[in-house]
Amino acid sequence: DTEVTQTPKHLVMGMTNKKSLKCEQHMGHRAMYWYKQKAKKPPELMFVYSYEKLSINESVPSRFSPECPNSSLLNLHLHALQPEDSALYLCASSQVRTSSYNEQFFGPGTRLTVL
Amino acid sequence: AQSVTQLDSHVSVSEGTPVLLRCNYSSSYSPSLFWYVQHPNKGLQLLLKYTSAATLVKGINGFEAEFKKSETSFHLTKPSAHMSDAAEYFCVVSKNNNDMRFGAGTRLTVKP
Chain C
1 DTEVTQTPKH LVMGMTNKKS LKCEQHMGHR AMYWYKQKAK KPPELMFVYS YEKLSINESV
61 PSRFSPECPN SSLLNLHLHA LQPEDSALYL CASSQVRTSS YNEQFFGPGT RLTVL
Chain A
116 AQSVTQLDSH VSVSEGTPVL LRCNYSSSYS PSLFWYVQHP NKGLQLLLKY TSAATLVKGI
176 NGFEAEFKKS ETSFHLTKPS AHMSDAAEYF CVVSKNNNDM RFGAGTRLTV KP
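So the sequences go chain by chain: C and A.
Note that our numbering numbers the first sequence so that position 97 is 97, with each residue one more than the last.
All you need for our numbering is the position in the second sequence, starting with 1, plus 115.
The set of hints was computed from the structure by calculation and includes no laboratory data.
Hints should not be assumed to be uniformly reliable.
[Said to hold, decoys possible] Partial list, derived from the structure: chain C residues whose beta carbon lies under 10 Å from chain A:
#1 Gln6
#2 Tyr33
#3 Tyr35
#4 Lys36
#5 Lys40
#6 Leu45
#7 Arg97
#8 Asn102
#9 Gln104
#10 Phe106
#11 Gly107
[As the list claims (entries may be wrong)] Lysine to any residue pairs mimicking SDA-like chemistry, simulated, CA-CA at most 20 Å apart:
#12 C:Lys41 - A:His125
#13 A:Lys173 - A:Ser199
#14 A:Lys157 - C:Glu24
#15 C:Lys40 - A:His154
#16 A:Lys164 - A:Val128
#17 C:Lys41 - A:Ser195
#18 C:Lys40 - A:Leu161
#19 C:Lys22 - C:Ile56
Owing to the predicted nature of the structure, the values given are computational and were not obtained by experimental measurement.
Beta carbons: idealized from backbone N, C-alpha and C, even for Gly.
Produce the complete structure using the sequences and hints provided.
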């Protein structure tokens, strides 16, 4: 299984709502990532988990809260978002090698609209 | 520091003609380089990657890229464009898993 799955595909939420995005992979990867992608722009890294521990937080506002409950799952909890947070949220996974690199495998994304 | 520059924001070709998408990189060490493709409202799919094993890298769907250290380039080519190749293409330079730098992207349009 070389697939990263994300749910939901689309999400519309108000600024006072609480919602969660989910990501799952069964490739045995121990690094997982959240990216935010605005229209016609490249993905921007938000968070990196390595061995289920948060290793990088790219100064993301606290209204975004990541969680990695196990090696296959990654969640992004959303609360009190702003309309400018509307974007495509991409999850990715990879093997962990600090001395080299590995390609990241991306999910199809969740299209988020904040009203 | 590492960075990548995609020299064209938009490339338009006719179906059946060659494709050239240009990418220059800047890196203080031997980089790892990737090309990803993104179709509308989809995630990113890896086309190919350079790992220093060979300078000419073949990828999926007939794409290939040549690593030229002297020119600090990693241009993506395909001999004959297909309508299904219309998408956004990203060149990426990486030092390690946590340090992937994306280019701004090149939108490829394929005319019938």
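Status of each hint after checking the structure:
1. Gln6: OK, holds: C:Gln6 within 10 Å of chain A, min 8 Å.
2. Tyr33: Interface hint status for C:Tyr33: holds (8 Å vs cutoff 10 Å).
3. Tyr35: holds, 9 Å
4. Lys36: violated, 12 Å
5. Lys40: Interface hint status for C:Lys40: holds (8 Å vs cutoff 10 Å).
6. Leu45: Holds. Min distance 7 Å.
7. Arg97: This hint holds: C:Arg97 lies near chain A, its Cβ roughly 7 Å from the closest one there, short of 10 Å.
8. Asn102: Holds, about 6 Å.
9. Gln104: holds, 7 Å
10. Phe106: holds, 4 Å
11. Gly107: At 5 Å from the nearest chain A Cβ, C:Gly107 passes the 10 Å test, so the hint holds.
12. C:Lys41 - A:His125: holds, 13 Å
13. A:Lys173 - A:Ser199: Given that 20 Å is the threshold and the Cα spacing comes to 18 Å, the pair holds.
14. A:Lys157 - C:Glu24: Status holds; Cα separation ~16 Å.
15. C:Lys40 - A:His154: holds, 12 Å
16. A:Lys164 - A:Val128: The hint is violated at about 24 Å.
17. C:Lys41 - A:Ser195: violated, 27 Å
18. C:Lys40 - A:Leu161: Distance of about 18 Å is within 20 Å: holds.
19. C:Lys22 - C:Ile56: Roughly 19 Å between the alpha carbons, so the hint for C:Lys22 and C:Ile56 holds.
Consistency note: the structure conflicts with the earlier hints numbered 4, 16, 17.
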